Each structure stands twice: as C-alpha cells, then as structure tokens.
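Fit chains B and C to the given chain A structure using the hints.
Residue numbers (the UniProt record's numbering), protein chains in the order written: chain A, 1 to 455; chain B, 1 to 455; chain C, 1 to 455.
Derived from the structure by calculation, the hints contain no laboratory data. Computed from a prediction, not measured in an experiment: that's the story for all the values here. There's no promise every hint is true.
Among chain B residues calculated to face chain A with C-beta under 8 Å, some are [said to hold, decoys possible]:
1) Leu168
2) Ser169
3) Gly172
4) Glu203
5) Val212
6) Ser261
7) Phe263
8) Ala264
Virtual Cβ for every residue (Gly too), placed ideally from N, Cα, C.
Residues per chain are reported as follows:
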Amino acid sequence: MARTPRHRRLILPLLCLLFQGATALLFAVFVRYNHETDPALWHWGNHSNVDNEFYFRYPSFQDVHTMIFIGFGFLMVFLQRYGFSSVGFTFLVATFTLQWATLVQGFLHSFHGGHIHVGVESLINADFCAGAVLISFGAVLGKTGPAQLLLMALLETVLFSTNEFILLSLLGVRDAGGSMTIHTFGAYFGLFLSRVLYRSQLEKSRQRQSSVYHSDLFAMIGTIFLWIFWPSFNSAPTGLGDGQHRTALNTYYSLTASTLSTFALSALVSGDGRLDMVHIQNAALAGGVVVGTASEMMLTPFGAVAAGFLAGTVSTLGYKFFTPVLESRFKVQDTCGVHNLHGMPGLLGALLGVLVTWLATHEAYGDGLQNVFPLIANGQRSATSQAVYQLFGMFVTLVFASVGGSLGGFLLKLPFLDPPPDSQCFEDQVYWEVPGEQEAEVQRPLRAEEPDTQA
Amino acid sequence: MARTPRHRRLILPLLCLLFQGATALLFAVFVRYNHETDPALWHWGNHSNVDNEFYFRYPSFQDVHTMIFIGFGFLMVFLQRYGFSSVGFTFLVATFTLQWATLVQGFLHSFHGGHIHVGVESLINADFCAGAVLISFGAVLGKTGPAQLLLMALLETVLFSTNEFILLSLLGVRDAGGSMTIHTFGAYFGLFLSRVLYRSQLEKSRQRQSSVYHSDLFAMIGTIFLWIFWPSFNSAPTGLGDGQHRTALNTYYSLTASTLSTFALSALVSGDGRLDMVHIQNAALAGGVVVGTASEMMLTPFGAVAAGFLAGTVSTLGYKFFTPVLESRFKVQDTCGVHNLHGMPGLLGALLGVLVTWLATHEAYGDGLQNVFPLIANGQRSATSQAVYQLFGMFVTLVFASVGGSLGGFLLKLPFLDPPPDSQCFEDQVYWEVPGEQEAEVQRPLRAEEPDTQA
Amino acid sequence: MARTPRHRRLILPLLCLLFQGATALLFAVFVRYNHETDPALWHWGNHSNVDNEFYFRYPSFQDVHTMIFIGFGFLMVFLQRYGFSSVGFTFLVATFTLQWATLVQGFLHSFHGGHIHVGVESLINADFCAGAVLISFGAVLGKTGPAQLLLMALLETVLFSTNEFILLSLLGVRDAGGSMTIHTFGAYFGLFLSRVLYRSQLEKSRQRQSSVYHSDLFAMIGTIFLWIFWPSFNSAPTGLGDGQHRTALNTYYSLTASTLSTFALSALVSGDGRLDMVHIQNAALAGGVVVGTASEMMLTPFGAVAAGFLAGTVSTLGYKFFTPVLESRFKVQDTCGVHNLHGMPGLLGALLGVLVTWLATHEAYGDGLQNVFPLIANGQRSATSQAVYQLFGMFVTLVFASVGGSLGGFLLKLPFLDPPPDSQCFEDQVYWEVPGEQEAEVQRPLRAEEPDTQA
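The following block holds chain A by itself, in its conformation from the complex (with noise of 0.2 Å):
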C-alpha cells in the first residue's frame, strides 16, 4: 500500500464531516427536548423534584465534563512528544462521542412518540460513555491516528450503550459509577483492541515512549482534576439525599488510601526508594474506580478505605510486574497502562459490589433500601440473587468488552485509516503542524532605546 500525503489529507476531515453530516441529520429528524428544557412543557412547582434536581445535579455535570476533558486529556499527555495529540484526539473523540452516544443512548432509553427527548442528563450519560472511550483510547495511545479513533468510538459507543442498557435496565444490576459498564467494558475493549493491532515493531519508536520533566507535570493536571472529581462521576447518578452524599464520601476516603498505598508501594517496589511518577499519575486513582459500584451501597467507611488502599496496591505493582508480561507473553502494547487502572480495579469493583449487595439487608438501609436496590425493596429479589445479577453483569461486560474490542481491532486495521508507521508512534508531527521547542533566540537582547513608530 502507497501511502500518499493527498490520501492521508482527506481521511480524517471526510470522516469529520460525514460523521457530523449524520448525527445532525438524525438530530434534525428525531431529538426534541424533553419536558424539562421545553418552555411549553415546563411549569414550576408542578415539577419542583425534576427542576430542583437539575440544579442539585449541575455542579457534578460539570464536574464530570471536566474530567472528561481536563482529567482524561492531560493525564495522556505525559508522553515526551504526543501531547498535542493526546489532549487535541481527547478533544476530538469525546466531542463526537457526546454526540453520537446522545443518540444512541437516546433510542434506548427515552425514545417515545417517534422522537429522542433530551435534557441535561443525556450528556451526563453521554459523558459516561466518553469516558469509556477514552479508558480505550489510552491503551491505544500513540499507535492510532485520528480517523481509526473515530471509528473507535463510533463502534464503541453502540457496544456500551448496549452493555448498559442490558446491565441496567433489563438485569436489574446496580452500577452508579461504572466499575463495570465504563472501567471494565473500557480497558477491556482497548486492549483487546490493542491485541489485535499488536505492532511486533513497536521499538522503533520506544524512544518516544517516554516522559519528560514539564510533560510530567501537565499529565499532574489530568491526574489531580480526577482525582478531585471523582466522587461526582460516581455519585452524579445516584439517588439524591443520602444516596448522593455517602457515594461522594466513600469514594473520598477510597482515593485517599489508594493515594497512600500507591506512594508506599511505588517507593517499596523501586529499587533505590524513589516514587515513579507513573504510578502517583495513575495508581492513586484506583481508589475512585473501585469504589464505582459500590460507593452508593453500605460500604461503611472503613469499606471504602480497605477497598482503596487494595486497589492502589494491584494498580502500582500492576504497572510494575504486570504491564510487561502483558506486552511480552499476551502481545498486548497497553500504552497508558489502562489494565492497572482500570481493567483490575473494574474487576475488583464488580466483585465488591457483589460482596455487598450479598450483604444488603432492609435493617441496614431502611428506607433507603427502595433508592439503592428497588428489586430487593419491592420483595422482586433477595440480596443474594441480586448479586448473582451483578457477577452476572460483570461477565456480560466483558464478553462485550472482549469480542468488541477484537471487533473494534480489525475494523481499525482497514488499510485507508492511515494509522502510523512503526517508527512514528507516539509523534505528533505525523497528525500535527508542531513549533519548535525552544524559542527562537537563545539570548534575549536587552530592552533597546530604539525609536519606535506608535509613538
């Protein structure tokens, strides 16, 4: 296959505008909005949970799309010389992502009269699925062009929608902040899909695999936006009340003890006691995606703080011990360690929320039992066949997750997506036009006393 400028100069800007072609035409045909954002469905005060709710809700919507875009795009951006490229295909991915998932979560879930109603809370949705996208995103980072991540996401979107609604609204399973449907299903899609575009010549460009020292701290922007908002992705969904305040309070306590686990483990396992930057990066946010599913239940306090510090721990000795057998024996290339991250911690969180759904009894939540787990309430399930429903879930996940991904990795290899080659992954000058690094005169000229023509 030639490889031409003139082809490489059309994929991505056809794709653009096709895609946006579509979802406007399918936006013109079918989305409406919905009773909250129409002036004539709206009345105050017959409406007073719904609007007080947005208003109650607005803070963490925001919250959320900050990480999204901050959080998610500058952590990727510790790479040496792909920082355009990590922050701008963030920018690019997520953008569409909210608009497409709009659509595709909107024919599942409120798609009534022959129209998709809208209000905020489908971008707070649509938020969630670019988050999965990203999770992916990061173990292909530095190996996919523009266009493939498209495509990615385009496939991607479909997959979670679909996982979801079948977790959430035909099992019946509980899964406020995604351990499963956005952690799980994300890193699992990505490195299935990285196996398949495993690149055997990936050396070539090892040298730009790396960080530097201001790139380190930009990826610090990422990790800190994250970490400080995390417990808003995970209770943005949940019930208001008491559901939305222990939720944030049990990923609080949960971050804080994968923080610590992580610096005492990434010291520990270091050999001369000095702390991997990639570790605090990542590593102490294992804390918020181990708590996604059962930060709304009775974790107790000192549930969330033995959960994290757990997930801190296989998360840092998984980016040590782990990531390169993942390379050398699986042929999985898991760029931004996604596995660490989110793919172990995902699967930690699934099984605690199983472990305390198992748990949940009628004394322990009172009331609150109808919020958290309506079917055990309503006398449809006891507590142990609710979490028969969440392990179930959990493999439901993953078998999407794998055989979409597998899916996702051969849709990417058509040959007109122009990927890079093997020697410039990880460079940002195949995608980007990129200035030079240092400025242009080394030594700065004293002011000069020279006329001037404003004056």
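Frame of chain A; chains B and C shown alone:
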C-alpha cells in the same frame, strides 16, 4: 521621545494606585450591600426565590470566573515569550474591570436612594464585562503595555456597560450569552483599536509571534476550560428552570459541532493534511459564541448543531484566509484572531438570534414565552418587531464598538503609556523579571552521600 | 550517621503503611455514617434544611478541594527542579491529612455513642486542616523529605484541630475563613519549624532555589485557581443565605484590591519597574487571607477593598524586604514566603476581625446577628467583650503555632527521617525517578514513507 527606565518605573504603579484609590473612594461613598447580602435586610422564606436563586446560580458564577481568569488567561499563553504577560495582564485587567464595572453597571442598573446596591449578581455582570475587555486584549496582545491595557479597560467598561444598558434595558433586546454585547462588541472594539495602533514595523518582532511546543499545551488548558464552562456562561443570566436547561444544552451541542468542523476544516485547508493548533485552540470555541443570543430560545438541538458547525467552519477559514488579509489590506493586526473567534461568530450569532426571534410563536414557547420574550408575551411587540429590534441592537453594538475602539486607540497613543518598541513586541522581558529557560545545572549530580548540617 | 539507599528505601513506605493501617483500624472501630449519609437515618422532608444545605454547599466543597490539591500543589511548582515533589508531596500530605483530620476532628466535634459520625462536612473541615498543613509545607519546601512531611502532618493536624476547637467551640471566636485558625496557625507553625531546621549551608543548593520560565507558568495555575475559589473557601462554613453571599462578595472585592496593590507595589519596589512573578503569584492572594475572619461580618464593600489593598501591599513589601531579613537575622528560611502570604495577612485579618466585631451593633446586623455573633445576639456578650475574645483567640493561636512548630522541628530532626543533604535541597531527584528534560531526538525526522507492520 526619550524613553527612560525611571519613567517606565512609575507609570504602571501610579495608574494602579490612582485607579484603585478612585474606585475605593467611590465604593466608600456609593456601594452598599443589597437585600440578599445585608443581614438586616434578609429574611429566609420571605425571599425564598431570591435565596434559592443564588445557590442555583453559584456554580455557574464560579464557572464564569474560571473562564475569565484561567480560560482567557491561558488561551493567550500560546506565544513563546509572552506567557507571563498573557496570564499576568489578564489577571490585572480583569481584576480592575471587576471593580470598575461594579461601579459603572451599578450606576446604570441598581442605583437608588443615593447608593449602588451590590450582590453576587453584580459580580456575574462585571465578569461579562471583563470578558469583553479580554477579547479586545486578544486583538492587541503583545503590542500594548499594562498601563495601556488599564486605560483601555477604563474606557471599554464604560462603553460596554452603556451599550449593554441600551440593548437590554432600553431596546428590550435579548442577548443572554452576549453574542452582541460581549463578543461582537469586544471583538470590534479591539480590532478598531488595533487598527489605530497599527505598527508598520511589526515584522521586527515576527520571530516571537509564534508558539513553542509547551506554550501550545498551556494554551489548551485555556481552551478546554472555556469549552467546558461555556454552557454556564451562556446560561448564567437566563431564567431559572427550562431556560437555563435549554441554554446549557444548546450551547453544548453547538460546541460539539464547532469542534468537529474545526478538526475537519483545519486538516482540509492545510497543505499536507496536518492539524493546526491555532485552529483547535480557537475555532473549536466558536460554537459557544454563535449561540450566545439564540441558545435560550427555541433553537432546537439540530439548530444548535447546525449553528455550531457553521461557526467552526467560518472561524477556521477566517484564521487560514482572512487574518492575513486583515493585516495586509485593512492594516488590522489581530494577534489572537479575535475576529475569527468572536467577531464573525458574534455577528452570525446576532443574526441567528434575529432569525429565531422572528420564528417565535406562542405555541412553541407556551408559558415560557414570558421568560424569553416578555414583550411578545405581553402583546407589546410582535415576533417580527422583536426581530427588528434584535437586528437594530446589532448595529448599535457595531457603532459603539467601532467608535469606541477608535477612540480607545487614540487614547492609548498617549506617549507616556509606555508601549513596547516594535522590536520588543511579544516579549515578557519588557515588563517582567524573567528567569532563565534552562535549569541551573544541566548535568544532574547523583545523590551525594555527603555530611549534612541537619542530622 | 551513614545514610544508606536501603534505609531510604524503607522509611517512606513504612510510614505510609503504618499510618494507613492505623487510620484504617480507627475507621473500622469508630467511624460511622451520620444521619445525612446513612440511608436508614435519612428522610426527605424531615431534614429539608439539612438536605438542601448539602447541595447548596457542594459547589463550595469541590472548590475548596480544588484549592487544596491544584491550588497549593501547583503554586509550589515554581521551583525549577522541585515540581514533582511540590505537587506530589502536596498530594501525599493532603491525602493523609484528610483521613487523619477526619478522625481527630471527629473525636472533638461529632463523637457520641462511642462513634464518630461523618458526613460531607467532615471533609470540608478536614480540607481546612489540610490547608494549614500545606501552608507549613510552603515554609519548609525543598528542605524536607516526604517522611518528615507525613510526621509534620501527623502532629500539626492534632494541634490545628485542638486550637480550632478551643477557639470556635470553647472561646466562641468567629473565624469562618480561618485568618487565625488556618493562615496564622499554618504560617507560624511552619516558620517555627523551619527555624528549628535551620540549615546554615543552604547556599549549597541556592542555584536550584529559583524558577524557570515554564515553572512560573505552572505556578500561575495554582495562583489563579486559589484566587477564583477563595470566596468559596471563606464562605464554606458560614450561615446559608446572606452570610454566604456577603462572605463571597467581600472576599472577591478584597482579592481584586490585593491584586491591584500587588501589581503597583511589585513594579514600584523593583529596580527598573519590572514586575516580579513571585509577588504576583503570592501577594495577589493576600486579600483572601486578610478577610478570612471579617468577610462574614459587616465589613462593607469599601472595607473589603481597603483590607485587600493593605494586605497586598504588606505582602509585597514583605517579599521584597522582610524575607531576606527573616533568614539573615532570625535564621528562618521561608521557601515560599508563607510569612508574607499567610503570616502577616493572617494576623492583620485577625485584627480586622477584632475591629469589625467591636463595631457590631444590633442595628447593622438585624436578625442576622444570630448567625454571625450568636453570643452577642443572645445577650451573653457585648460586642466589646466578643472583640476581646477574638483578640485572645489570636494569641492562643500564636502560642499553639509557635510551641507546636518548635516541637515539630525537633521531631523532624529524628535522624531516620531522611532529609535531603544541604547540597541536594530543592531537587526532585532525591526522591523521584526523574526523566530527562529534552526529547529523545532533537532533530525531528520528517514523516518517513516506510512500510508499516500494521497495514
């Protein structure tokens, strides 16, 4: 004119002290807490709408502050040698504008009993004014000193507030997110000002008028925060309830479309299919500008997507093809390309507002018509008549901006204001103590096992 | 004392694990959800004030977290070779403090029935404690290792919480934004600690104790986020309604004035009229500190502006003239100048609180007096008497801070805590794996049209 260090030493501090002294004096004489802020005037329950409203608006309020200081400040950090000035002068100018606009807008809007009565909404309005001033700053970035900028803010705040008062209060024009009052006004004020300050010898500083790798990443912090919080910006002054929901939703959809069209067009118009960071940093935001007037109206989700797509396209093409013409033909040097991000999308947004106003019906808005178009709901105006007023508002804004900007240009030519010489534009060192670029020691010492005074 | 790599390898992980183990154990035994967080104790409607309050405070709550982790973390990134440690140790220390303060403050404030009852407000209070600890960190930045900092946090949290309990609960002192409890305490604790740890040979590391261009831009991220969200910080614990409105408004006005005075003074005191980034990054924030006590009171808008102006002036002059004296005369090495940003403005803020309290009348506050000065409203104290208590609170704080900081200094001299040697202060490499500064290849390859393993 002989420029002396002594002279430079004094002009900025004197202006700061003079302006701060004057506003402090005016604060002492005129400014009082309003009924929401004064403990003796406040009663829970009696003001239940008022008190809730503050809390419902507080997140938007902080989002708008984030846009002004982080968003605008870092967006302009893209220049290689002008980061301190971009973020520092944004800080200075926005800060002064917050005080000064509180006074000017207070005299126009909340002056009674001999006092200006301020509450938190005074700060939202002042932030909007600061937004316009910073847009103008973008046009003259790198070519003006801080004393000039303070004087520009002094004048522009008065004209902004007067124009806004004429449009919103006298003409009954609707412009929640400020397509006209903020973006069109700020852009053309800055462009006319830049025209008057035209520097024929600016190519002497041309080598500094580009970015470096890291400065572009810093600028993306600004872009992304502006993008995330733009829905809060447009919806901050709209009616609570469906109005705020709809405005946020429309703004998001418009921004997603402008981002996709920017990526498409940026790759399409470049010689070799590579993306240009200038386009991504700026044109992707045009979707927020273009729905500044119409996003609170029944724009429909499709309308928002279509408007955003158009704005992103026009803006990207503007950066590629029109900015050079603006300089060569019209002698307007527009450093940040505010004509592309705020000028043209602002005018398009005003026209979109005319169109959507003209289409307004009682059926489409129901009871909500009272909030969006009170004069139509009350029977004082027809939709067509309101549309004509909207159009008239756009022309009033253009007159204020062009006359005011020209006036401002001549004001800023006052010789004692210490502009940078042609060869020292876009250079922090003129106004800042600048540290070196490189670390003290290039080769890092290994940890020496030396004795320590502490142990 | 022979310092060995093996020893260094173990002290930090062991402390992390020990501390995390101990707090986890205490969490298991003592910490339970409170009535807002436990589903069995929650009833909508019955707790209508409580439940609304959470949502009204949630944005402030997240703003405060942003200040602690992004604000403080990045503000301290200004050092050229200490970015990883600044943001990383902030992350570590604040994280541990959140857990530990939850326990200590819980025992003091919400211990009943044998349990500590935690809700989201526990995290706000813990964040405030983390703020004080990070202020102290600023004084010793670059001269202490992470194990020392953890021990400092252990001690300081206990003393902070005790001092806060004595002031707010026993003495009935008002200090919403913590001019005394947070800023004065944190600053003088750190300064006394730094005095005890005085290093006579610190000039061995002097070449690393300055900034570089990009590190100053990173630091501005910290400054601006602190500036934006300071109104949320000061108003987070005030009464809902007019109290929170007034506090936010006063804080904003004070911050605008301190910013303007910092720009004025910075240019005035420099030799050649150029601005100094150290002043802008720090002294501009002094307006938030100085109204920490008085911003919930009837300070008046003019009072806020005047206070902010004074604070910015004192702080800038402190950086220029007093910091060198502090080191040469008093042997206090204050890396971040916390004496200028938190110490002096904190004391001024305490005195301002005394003054405004002394002026409090029933007329000025109306029914709101109950919220701001309940003991005056109930007739238990006169305004003068309350003012004396405020003054006494300041002295109590100074005693706690100075004795505690000195104690802390001797504790941190324990030899096994692994401080950096004099010649390796302000150097990340002592504790972190540090990547290179420059990219792998300096000359960038053009895109090679080579065969690709993927296609």
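For each hint, the structure was consulted:
1. At a threshold of 8 Å, the smallest CB-CB gap from B/Leu168 to chain A is about 20 Å, leaving the interface hint violated.
2. A distance limit of 8 Å between C-beta atoms decides the matter here; for B/Ser169 the minimum to chain A is near 23 Å, and the interface restraint is violated.
3. Taking 8 Å as the C-beta contact cut-off toward chain A, the hint placing B/Gly172 at the interface is violated, the least distance being around 18 Å.
4. Proximity of B/Glu203 to chain A is violated relative to the hint, the smallest CB-CB distance being about 11 Å (cut-off 8 Å).
5. With a cut of 8 Å, the hint placing B/Val212 at the interface with chain A holds, because the nearest CB-to-CB distance is about 5 Å.
6. The criterion of a C-beta within 8 Å of any C-beta in chain A is met by B/Ser261, whose closest approach is roughly 7 Å, and the hint holds.
7. Residue-level restraint check for B/Phe263 holds (minimum Cβ-Cβ distance to chain A is 5 Å; threshold 8 Å).
8. This hint holds: B/Ala264 has a C-beta 4 Å from the nearest C-beta of chain A, less than the 8 Å allowed.
Hints 1, 2, 3 and 4 from the list above are not met by this structure, while the remaining hints are.
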